[in-house]
Amino acid sequence: MPFIEFKNVERRYMLGTNEFYALKSVDLEIEEGEMVVILGPSGAGKSTLLNLLGGMDSPTGGEILFNGHDISNFKDDELTAYRAWNVGVVFQFYNLIPTLTAYENVALMKDVRRNVKKGSIWEKESEGVEVMDPALALSSVGLSEHMNQFPSQMSGGEQQRTSIARALAKNPRLLLCDEPTGALDTGTGKEVLKLLQQESRKNRHTVVMVTHNSFFADIADRVIRVKNGTVQSVEINESVKDAEEVYW
Amino acid sequence: MLFRKMIRDLLQSKVQFLSIFLMSFLGIFVFAGLDSEASGMALYESKYYEKTDLPDLWVQGKEFKDYDLKVIRSLPGVKKSEKRIQKDGKALLKEETDLQMNFIESNDIGKMLIVSGEPYNPGESGVWIDFKLAEKQGLSTGDILKMKLEGTEFEEEIRGTFYHPEYVYFLPDAAAMMPDYGSYGEAFMDIEEYPMEPAFNQIIVDLEGVDNTGGLSDKEKDICRRMGDAIASALDSDRIVATDKDSQLSYQTFHAEIEQHQSMTYMFPAVFLLIAILGIITTMTRMTSRQRIQIGTLKALGFTKKTITIHYASYSFFLSLTGGIMGALLGYNTIAELIIGMQGSAYLVPEMKTAFSVRAYGAIIVSVAVSTLVSFLSCRKELAPAPSETLRPASPKNLKHSLIEKSRLWMKLDFATQWNIRDIMRNKVRSAMGIFGVLGCSMLLFAAFACLDTMDFLSTWMYGELNTSSYQIIMENDTPYSVTEEYAKKYRGQMVQNGSCEIEVMGVKKSGALTVYDTGNFLHFEDRNMKQIRLNRRGIAMSCKMADTLGVKEGDLFRWHVLGDDKWQVSHVSLLYRNPTVQGITMTRELYSDMEYDFVPDVIYTNMNAKEELSDDDNITGVQSVGEMMEAFDSMKEMMYMMVYILVCAAGILGIVVLYNLGVLSLVEKHRQMSTLKVLGFTTGKIRLILQDQNTWLTLLGIILGIPCGMWLVSRLFSTMPESMDYIATFKPMSFVYTFAGTFALSFAVNRLLSRKVKNVDMVDALKG
Ligand SMILES: Nc1ncnc2c1ncn2[C@@H]1O[C@H](COP(=O)(O)OP(=O)(O)O)[C@@H](O)[C@H]1O
Ligand SMILES: [Mg+2]
Numbered sequence: 118m119p120f121i122e123f124k125n126v127e128r129r130y131m132l133g134t135n136e137f138y139a140l141k142s143v144d145l146e147i148e149e150g151e152m153v154v155i156l157g158p159s160g161a162g163k164s165t166l167l168n169l170l171g172g173m174d175s176p177t178g179g180e181i182l183f184n185g186h187d188i189s190n191f192k193d194d195e196l197t198a199y200r201a202w203n204v205g206v207v208f209q210f211y212n213l214i215p216t217l218t219a220y221e222n223v224a225l226m227k228d229v230r231r232n233v234k235k236g237s238i239w240e241k242e243s244e245g246v247e248v249m250d251p252a253l254a255l256s257s258v259g260l261s262e263h264m265n266q267f268p269s270q271m272s273g274g275e276q277q278r279t280s281i282a283r284a285l286a287k288n289p290r291l292l293l294c295d296e297p298t299g300a301l302d303t304g305t306g307k308e309v310l311k312l313l314q315q316e317s318r319k320n321r322h323t324v325v326m327v328t329h330n331s332f333f334a335d336i337a338d339r340v341i342r343v344k345n346g347t348v349q350s351v352e353i354n355e356s357v358k359d360a361e362e363v364y365w
Numbered sequence: 005m006l007f008r009k010m011i012r013d014l015l016q017s018k019v020q021f022l023s024i025f026l027m028s029f030l031g032i033f034v035f036a037g038l039d040s041e042a043s044g045m046a047l048y049e050s051k052y053y054e055k056t057d058l059p060d061l062w063v064q065g066k067e068f069k070d071y072d073l074k075v076i077r078s079l080p081g082v083k084k085s086e087k088r089i090q091k092d093g094k095a096l097l098k099e100e101t102d103l104q105m106n107f108i109e110s111n112d113i114g115k116m117l118i119v120s121g122e123p124y125n126p127g128e129s130g131v132w133i134d135f136k137l138a139e140k141q142g143l144s145t146g147d148i149l150k151m152k153l154e155g156t157e158f159e160e161e162i163r164g165t166f167y168h169p170e171y172v173y174f175l176p177d178a179a180a181m182m183p184d185y186g187s188y189g190e191a192f193m194d195i196e197e198y199p200m201e202p203a204f205n206q207i208i209v210d211l212e213g214v215d216n217t218g219g220l221s222d223k224e225k226d227i228c229r230r231m232g233d234a235i236a237s238a239l240d241s242d243r244i245v246a247t248d249k250d251s252q253l254s255y256q257t258f259h260a261e262i263e264q265h266q267s268m269t270y271m272f273p274a275v276f277l278l279i280a281i282l283g284i285i286t287t288m289t290r291m292t293s294r295q296r297i298q299i300g301t302l303k304a305l306g307f308t309k310k311t312i313t314i315h316y317a318s319y320s321f322f323l324s325l326t327g328g329i330m331g332a333l334l335g336y337n338t339i340a341e342l343i344i345g346m347q348g349s350a351y352l353v354p355e356m357k358t359a360f361s362v363r364a365y366g367a368i369i370v371s372v373a374v375s376t377l378v379s380f381l382s383c384r385k386e387l388a389p390a391p392s393e394t395l396r397p398a399s400p401k402n403l404k405h406s407l408i409e410k411s412r413l414w415m416k417l418d419f420a421t422q423w424n425i426r427d428i429m430r431n432k433v434r435s436a437m438g439i440f441g442v443l444g445c446s447m448l449l450f451a452a453f454a455c456l457d458t459m460d461f462l463s464t465w466m467y468g469e470l471n472t473s474s475y476q477i478i479m480e481n482d483t484p485y486s487v488t489e490e491y492a493k494k495y496r497g498q499m500v501q502n503g504s505c506e507i508e509v510m511g512v513k514k515s516g517a518l519t520v521y522d523t524g525n526f527l528h529f530e531d532r533n534m535k536q537i538r539l540n541r542r543g544i545a546m547s548c549k550m551a552d553t554l555g556v557k558e559g560d561l562f563r564w565h566v567l568g569d570d571k572w573q574v575s576h577v578s579l580l581y582r583n584p585t586v587q588g589i590t591m592t593r594e595l596y597s598d599m600e601y602d603f604v605p606d607v608i609y610t611n612m613n614a615k616e617e618l619s620d621d622d623n624i625t626g627v628q629s630v631g632e633m634m635e636a637f638d639s640m641k642e643m644m645y646m647m648v649y650i651l652v653c654a655a656g657i658l659g660i661v662v663l664y665n666l667g668v669l670s671l672v673e674k675h676r677q678m679s680t681l682k683v684l685g686f687t688t689g690k691i692r693l694i695l696q697d698q699n700t701w702l703t704l705l706g707i708i709l710g711i712p713c714g715m716w717l718v719s720r721l722f723s724t725m726p727e728s729m730d731y732i733a734t735f736k737p738m739s740f741v742y743t744f745a746g747t748f749a750l751s752f753a754v755n756r757l758l759s760r761k762v763k764n765v766d767m768v769d770a771l772k773g
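These protein sequence lines are chains A and B, in that order. Numbering-wise, the working numbering comes out as the position in the first sequence, counting from 1, plus 117. Numbering-wise, the working numbering comes out as the position in the second sequence, counting from 1, plus 4.
No wet-lab data here; the hints were simulated from the structure. Keep in mind that the hints are not guaranteed to be accurate.
Cross-link-like lysine-lysine pairs, in silico, BS3-like; alpha carbons within 25 Å at most [what the hints assert, rightly or not]: (1) B:LYS357 / A:LYS234; (2) B:LYS385 / A:LYS192; (3) A:LYS227 / B:LYS357; (4) B:LYS9 / B:LYS310; (5) B:LYS69 / B:LYS571; (6) B:LYS309 / B:LYS140; (7) B:LYS83 / B:LYS513; (8) A:LYS311 / A:LYS358; (9) B:LYS69 / A:LYS234; (10) A:LYS234 / B:LYS309; (11) B:LYS310 / A:LYS235; (12) B:LYS385 / A:LYS234; (13) A:LYS141 / A:LYS124.
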């Protein structure tokens with residue numbers, strides 16, 4: 118059984134009286150611990166795909182299986198529990214809470230776990246998975262020095278690393294990143310990539326990264342190409358490169 | 005962590021959150037402050053009457069015997085009764101001082117509340133005097149008090165001082181306009197001390213089913229009336245009159261004052277609270293929608309809806325709760341204390357404190373609930389869509405061009421006007437709230453000014469139109485007509501008898517004033533629309549408010565009798581006249597005499613100054629000038645003035661808070677546009693002018709809408725006054741001017757404050773992503 122499976126998934130929007138398919142008949146499989154890169158031009162439907170994966174949106178058709186459970190018909194609170202237990206998100210514009218320090222932004226994750234509904238299937242599956250100590254999470258992304266700074270006092274790279282620390286702190290089985298380097302320069306972008314690759318290799322957590330930059334395909338185990346709302350191809354990368362070695 | 009976020013958010017958006025705090029603070033401050041005062045008065049009134057057991061009926065007669073008392077006591081529905089002698093005498097101090105004396109057999113109803121000395125026991129000698137008299141005249145227990153009653157001098161040892169529930173409000177004679185407690189007083193003695201052969205002239209009665217709290221309900225009034233009739237017929241005497249609490253000067257005056265406070269404290273603060281709550285709603289909605297991305301992020305991170313909603317709702321909850329509680333505490337300790345303190349000189353109550361009422365709690369709960377609910381709902385609105393949706397930037401709304409923009413006129417407008425029109429159209433809620441804030445502010449200001457106008461007009465109306473004399477000469481009680489006539493001739497005055505009567509229409513009885521006037525040119529009458537009218541020489545006229553309360557019109561029949569005489573008359577209402585303070589019936593002396601009543605005038609109205617000449621005259625109680633009467637009248641309205649000041653201040657502050665807050669909100673929202681304007685080369689001054697323009701339009705609209713609302717508010721206020729008052733809401737032109745100028749000044753001041761922020765708009769913001 119694949120870790121994640123998309124079966125004939127579609128996401129349709131109504132624009133006035135017209136239907137618009139942001140995604141159409143998508144079939145996909147992703148294995149646990151893989152580093153996945155979703156590639157495609159702007160407007161192709163990459164974010165839509167990622168949102169469906171992360172339970173931040175629901176498909177208008179088809180099935181999405183996570184560890185064998187169909188999440189496509191989940192209600193709002195079920196999706197919330199799914200996100201709380203399984204998914205870490207890194208946003209393109211970091212989306213840190215501006216009035217909390219780096220440390221506090223990460224520590225938020227403890228609140229998430231504390232507040233989530235008890236007794237869900239995910240709770241049993243994630244038995245023994247603890248939320249990381251915020252200081253540890255921050256030091257793992259190299260931010261021990263900046264823990265008490267507010268987002269506005271940090272550079273873009275530092276903010277994105279905080280955002281990654283926040284996502285990692287949950288110890289999520291699925292880490293989703295939407296254009297995580299989109300707002301960063303090459304040097305800092307590379308730092309971010311390293312962190313993501315490390316997460317998949319060391320902790321055997323699945324990392325899915327959306328990008329329009331095809332150079333990033335080199336560091337992925339699996340590359341999914343999306344265009345006009347459909348999956349064009351899925352490749353297994355035989356010669357995975359280290360993030361260090363990628364140039365753009 | 006979310007708690008920390010809340011605290012930091014609060015600190016960061018200080019202005020907005022402070023304004024929410026202030027709005028709920030001010031709303032509750034005024035509401036609870038005024039309400040606690042009125043509630044306190046009502047509460048302590050009840051407590052006092054409860055403790056001392058104020059009588060329900062006063063039965064006046066010539067000579068009551070033990071047998072009469074027995075008859076009354078045997079009537080079903082009578083709880084207790086006592087007979088006594090009540091007479092006006094003098095205390096012989098440095099000067100002769102008016103002293104109303106009560107000779108009693110027991111003291112189980114209308115009990116003295118002893119302040120110093122010993123309590124009274126039946127059969128004990130000595131005299132008990134009222135606390136204020138003792139205080140002001142330097143008398144204390146153990147002193148010997150010399151007194152004079154109907155020519156007989158006698159003396160007693162002072163055994164104690166007291167407060168008495170029948171003397172909460174008490175005037176020495178008809179000439180007095182305002183109480184000056186201590187310069188006259190009342191005393192209680194045992195009947196054994198009566199210096200002559202006793203003849204009991206009063207029986208006081210306590211009834212079943214009429215309690216001492218919260219005024220008289222309709223049912224209680226009905227009981228009083230029925231029992232009064234029952235007593236009169238049981239005693240089978242012509243000369244017996246039973247009056248109930250509503251006709252007792254002390255009870256009635258004090259209770260009417262309380263009712264007036266209650267109606268005043270209801271309308272204004274309610275409007276105030278409403279404005280505050282609306283301000284909170286706008287601010288909170290805006291605040292929440294500005295945190296849209298953060299809400300989406302929190303949701304994407306796995307926070308439950310519940311946690312996020314509680315987080316956002318708690319902003320409002322804490323702010324409105326702390327604001328409300330602090331407002332209530334401060335209002336309770338300042339406004340309420342201030343106004344209730346002013347009552348002390350007018351009413352003799354041993355204890356009168358402010359009291360926090362259910363309504364004040366209700367106001368806090370409502371304002372907290374509403375503001376929390378609003379944040380709850382606006383947060384829910386952001387949470388409803390999937391997080392993927394919330395995280396996308398909000399789609400710009402209303403991109404359609406409005407009608408104005410399509411019209412040909414549009415092209416002719418300059419850029420500033422176009423920009424402003426667009427801005428207003430695209431931000432309807434915010435603009436509406438701005439207009440509403442100004443509306444509320446100008447409404448309250450105008451209402452406050454109109455209250456002053458009404459009071460002002462009232463004294464000119466009373467002492468300039470309805471009565472055009474310059475002096476009134478007040479005769480001693482029971483001065484015979486022949487004597488009074490001499491004075492009237494000498495001073496070329498008009499004689500008037502002011503009495504009381506009871507009027508009945510279809511079973512509804514009301515006590516009212518009975519005015520009988522002789523020919524003369526000082527007393528005038530006006531109809532409902534304040535046009536001068538002449539009363540019919542052969543008919544009985546009724547005051548408008550009395551007619552309204554009884555539901556009669558001109559030409560209708562009614563029954564009435566003079567108080568102190570139980571012969572009922574049936575008459576037509578010949579005419580209606582309007583009087584602000586005295587409600588009842590009026591007729592000529594001729595008609596009155598034709599009905600075989602004695603015309604005993606107690607006042608002479610004149611234009612001749614007889615003040616000096618008559619100051620020592622034994623037949624004259626006093627002479628008062630119009631100036632003195634107006635002054636006395638004005639000082640009775642102190643509480644009204646006080647409230648007006650409080651309202652003007654509070655309205656001003658509320659206006660500033662609402663406008664400043666909206667200004668900041670709109671600046672925050674327009675920030676990007678403005679920095680773009682700056683990049684395009686507009687000067688700070690020009691941008692300021694554009695903003696100023698918009699503000700001026702909205703302010704103007706707010707005032708135009710606010711003034712009629714203020715008029716409505718004042719009219720409502722004066723129509724809820726107690727039965728005896730018939731005030732006419734008056735609006736003077738200057739009030740319009742003041743309101744206009746005041747509100748504009750406020751709006752301009754706020755705009756100046758805001759303009760400084762325009763200078764700080766950073767051009768870089770326009771270029772950021
Ligand atoms: N809420 C929405 N309503 C309508 N169209 C949408 C919505 N969200 C996304 N789309 C459309 O779906 C397509 C795919 O969007 P997206 O997944 O964001 O693309 P990208 O590959 O750039 O991330 C785009 O054409 C976008 O306009
Ligand atoms: Mg995208």
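Hints violated by the structure (listed by number, smallest first): 1, 3, 6, 9
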